[in-house]
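Colleague: One-letter residues, chain by chain:
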Amino acid sequence: MKIVVIGDGKVGRAIVEHTCQEGHEVVVIDNKADVIEELVNQYDVMGICGNGASYEIQSNAGVDKADLVVAATSSDETNVLSCMIAKKLGAKSTVARIRSYEYNNQINMMKRDFGITMTINPEKEASLEIMKILNFPEAIRVDTFAKGNVDLVELYIPENSPLIGQSLASIHQKYQVRVLVCAVQRNEEVFIPTGNFTFQAKDKVHITASRSTVKQFLNKLGLIESKIKNVLIIGGGKIAVYLGEQLLKSKYQVKIIEKNYERCVELSQILPNATIIHGDASDQRVLDEEGLTNSDAVVCLTGIDEENIIISMYAYKQNVHKIVTKINKTSLIGLIDSINMVSTIAPKEITASRIVSYIRATNNSRGSNVITLYKLVNNKVEALEFKASEKSKVLNIAFKNLKIKKNILIAGIIREGEVIIPSGDDMIQAGDNVIVVTTNSYLDDLDNIRE
Amino acid sequence: MNYAIIRNILGKLMVLIAGLMVFPLIVSIIYQEGIRHYLAFIIPIILLLLFGVLFNIKKPKNTNIVAREGLIIAGVSWLLLSLFGCIPFMISGEIPNFFDAFFEIVSGFTTTGASVVTDVTALSHSVLFWRSFSHWIGGMGVLVFILAIIPESKDGSSMHILRAESPGPQVGKLVSKMRVTSRILYLIYMILTIIQFLFLWLGPDEQMTAFNSIIYTLGTAGTGGFSMDPQSLEYYLPYSQYVIAIFMFIFGVNFSLYYLILIGNIKEVFRNEELKWYFAIVVIAVTLLCINTFKIYDTFEETFRHALFQVTSIISTTGYSSTGYSTYEVVDGLAKVGGWPVFSQVLIFIIMFFGACAGSTAGGLKITRINILVKSMILKIKNIINPRKVEVLSIDKRPADNKTVEVIQNFFVLYIMIFLICSLVISLDGNDFVTNISASLSCISNVGPGLNAVGPYGSYSVFSSFSKFILSLEMIAGRLELFPLLVLFSPKTWARHN
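Going down the list, the sequences are from chains A and B. Counting along the first sequence from 1, when you hit position 448 you're at 448 in my numbering, and nothing is skipped either side. Counting along the second sequence from 1, when you hit position 349 you're at 800 in my numbering, and nothing is skipped either side.
Next comes chain A alone, as it looks inside the complex (with noise of 0.2 Å):
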C-alpha cells in the first residue's frame, strides 16, 4: 500500500514508524529539512521538504498514487487543505487530524464536504481512554471490543491476591467465573499464556470477558473499589477540555490545575462547571492546598512527560487510588512502569494504532476485516478484532481440530451479542466477531491464524 504522511511531528513519526514495519511504501513531506534528514537516515521511507498543502509538493510525492494520505501537520487548517488537494489529486482515501475544539462541532459537516475519508483528534481519542480507565478505576487499562460488549482489561496482581499459585481452571472451578487471560507482563517478559499457566505476584494480567463477568471476577476476588467521585486534572490542555467535559456530564467532579491565567479564563469559559485552579502544580504546597490526598483521581496531562511523573510518583505516595499519566516518549513508559497502578496514555500511539487498524481493514478487504486493533504492552502484543467472512478457511471447524500458529490466542468470539470464551469445542462461524491476541505483528486477515 502506498502511504503519505503530511507532517513529521510526534503523531506523524509514530504512524510512520508502524506502517514502516508493516512493509508499507511511505511517503514523508514535511517542511523542516532537518526533521526529513533525520527520518530518512532511521526508517526505510522517501522524504520530501516543502509544504504538504501545495499542489506541486503532492504530485512530487506522488499523491496521484497513494492509497491513503495521513495529514497530520500541527494546524488543523493545512491539514484539512491537504487532504482537499490530495482528494482532487486522486489520493484513494484521506485522514487528517483536527483537533481544536472549535471545530469538534463541524466535523461531520468537513468530512462530507471536503472529502475527508476520516478525521483523528489525539487529543479526545486519549481522553475517552481515560474516561475508560476511570469508570474502571480497578484496570491499569481497559479496551474494548464489539462496540463495548466485551471488556480487555489489564490487572495489576499484587502480592497478597488470592489468584497467586492458582491456574485458570482452578479459578473457574473455585469461583465459577469464566474469564480468558490473554497477555501476561511478567518482569520485562510479554508472554501468552498457555494451558498451565499460573498466577504470579506483581504479574499484569490482560483479561477478556464481558463486562458484568469482570466485575463479577473482581467482586469474588474482593478487589472491587469505590467509584470515583472527583477527578483531579493537572494541566488545561485540549485533552483536560474533552475529558472535563465528558466527566462533568457523567456527573463527577472535576477541578483542574493550570499554570496559564489566560488558559485558566478561557477553560472556566468553556467548562463553566468545573473548579478552575490558577496555580503552578509542580508546586507541592499547591497540590495539597487543592486536596490532592482527597481526590480519587490524579490524571496528570501536563505538556511535560517529566513533570507529570513526578507528579503521578507524588500521588502514588499520597494514596491516591487512581492515577492516569500522559506520557509523549515512549521511552519514558519504561520508568513508571515499576509504579503499578498508574495508567500511562500515549496520545500519539492511540491514533497511530487507529490508523493502522483502518489501513488493515482497507489492505484486506475482500477476507475478514480487522473492526478493531489495540497495540499492549509497548507495543508488543497486538489485540485485533475481526469479522467473519463467509469466505473465510478458518468456519465450523472446532478450535481442538484447527491447527493455530504458535502465539496466537482467540481471546473471544462474539455471537448475536454474546460472548463466549472459547474451549476446544467451540467453532467460528460467518459472522461472529473474533478477538485475537497475538504477539506475532502484521495480522491482516483472520484466515492466518492457522498454521
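Since the hints were derived computationally from the structure, they do not count as laboratory data. Predicted model, so just to flag it, every value in this text is computed and none were measured. It cannot be assumed that every hint is accurate.
BS3-like cross-link-like pairs, simulated, lysine-lysine; straight-line CA separation at most 30 Å [stated by the list, open to error]:
| no. | chain 1 | residue 1 | chain 2 | residue 2 |
| --- | --- | --- | --- | --- |
| 1 | B | K718 | A | K65 |
| 2 | A | K87 | B | K718 |
| 3 | A | K32 | B | K509 |
| 4 | B | K718 | A | K32 |
| 5 | B | K510 | A | K380 |
| 6 | A | K380 | B | K509 |
| 7 | B | K512 | A | K329 |
| 8 | A | K10 | B | K854 |
| 9 | A | K406 | B | K509 |
| 10 | A | K32 | B | K833 |
| 11 | B | K510 | A | K88 |
| 12 | A | K405 | B | K512 |
| 13 | A | K406 | B | K718 |
One side only, chain A facing chain B, incomplete, derived with CB under 7 Å [unchecked claim]:
| no. | residue |
| --- | --- |
| 14 | V27 |
| 15 | V40 |
| 16 | D44 |
| 17 | M46 |
Among chain B residues calculated to face chain A with C-beta under 8 Å, some are [as the list claims (entries may be wrong)]:
| no. | residue |
| --- | --- |
| 18 | M610 |
| 19 | H611 |
| 20 | K624 |
| 21 | V626 |
| 22 | K628 |
| 23 | D852 |
| 24 | N853 |
| 25 | V856 |
Backbone N, C-alpha and C define an ideal beta-carbon position, used for all residues, glycine too.
Given chain A, work out where chain B should sit, using these hints.
Modeller: This is chain B only, laid out in the frame that chain A set:
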C-alpha cells in the same frame, strides 16, 4: 559499534563475490585455458564461500546501521573485495606480484582502468574478462547490489550504506523503499549495458567480435577503461569509436535522470543543472580541442572524432583512447615522441578533475560539486562588492543550504590535499614531474591514463611496489569519495568510548 551487522553484511558480500567469480570461470572453461586457470578462480570461490557462510551463521539481533557503520562497511568491503579479487591474477601466474595484482584489481573495481600490465595481448581471456567485469561490478557498487537482494530490515534504514558507496554529494532514493531503489538502478544499468553490447557486436566493425564487444562494453558501462589492445581503440573502425564515445557520455549521466525519463517526468530532467553543465563542458572542450588539433589530422571528421572521444573518455573517467595524445608514448618498448599540443594536454588534465555527474558510474570531483563551488565563489565575490546584498545559492532552482556548500568546500580541499600528498610520495621513484602529477590525479579521479609515461599507451609498471600500493589506496579513496577510507584509518573510529 554494531559489529554483528558489519560482519553479517561482509559475509553476504563475500558470498556475492564468489558468485560473481563464477562468470570468469565460465569464460575460462569456454576457452579451455587449463587447470591452472580454473584453479585461479575455484580457490578464491571456495575461500569466499567458506568465510562468507561462517560470517553469516549468526544473525544479528539489531539491524540498525548508523552513519559511522555505513562508512566502515563501505571501506572494509572495498578492501576485502580487492584482496580476494586479486587472487586469480596471482594464481594464474599472469600478474604474479601481489602489489601488481592488487593495483590491477583495485584499478578494476574503482573503475580507474590504470594497468601495470605492459603487454595486454599476453593475458588470457578469463583474466581479461575478470578485469573488465570488475569495472562493471564496481561501477554501480557492490553494496548497492547487496542492498538490492538482502531482505529489508524492519527497524531502520540502510541509507547510510548507499550514501557511503554512491558517488555524489547528495544521495537520495528514487522510490521510498531502499530495495526497490537499488533494483531500479541496477536494472537501468543492465539495460544500457546490453544496448551498448548489441550496438558494438552487431555493428559493421569486423574486429568487434562478441568477446571484444563484451570487454569494451563492460569497460564503458563502469566507466573503467581496461582495454584488450595495446593501442586501446585506435585501430577500430570510426563506427565503434563513435558508439563508445556516446555511451561513455551516457554512463556519465546521473542514473536517476533515466528513471525520471522512464516514469515520464521529462520536465524534471530539463531542470537538472548538472546535466546542462556536463553537456556544456563537453561541447566547449571538444570545440577547443578541434581548434587546437586540426593540423594533426587529415580531415575535419577525424579531428572531431578524436576530440569527442578523448573528451567523453576523460570526463566520464573511463580512460579509453582513440589516439595517442601524450607527449611521449612507449609503444612496443620504443619511445614515440609526438602527441597533442601542450594546450590540449592541459585541457585534458583539467577535465580529469571534473569527472561526470553525481549518481553515475563515473569518478572525479563530480560536476554538481564544481557547479556549487563556482556559484559559491561568485556569491562570495558579489558579497565583497556589496556586503549588504542577500542572495541565496540555488541548485536546480531550489535553495541549497549552507551545510551542503560547506561539506563540498571541505571535500574539495581534502581532495586536493590527498592528490598532492600522493603525488609527492610517488615522486620518490624518480619519474618526471608530469608523470607523477598526472598519475596521482588520474588515480584519485578514477580515470586511468595520465600523461607522459602513464599516457594512454603507457603503463603504471614504471612505479615501485610501494608507489603502486599508495596509488591503489588513492583509487579506493577516490571511488568511495574519501570519507569511508579516512574513517577506517582514524583511531577515533575504533575507540570504545566516543
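Colleague: Against which earlier hints does the structure fall short, listed by number upward?
Modeller: Numbers 3, 11, 13, 24 and 25 - these are the hints that the structure violates, sorted from lowest upward.
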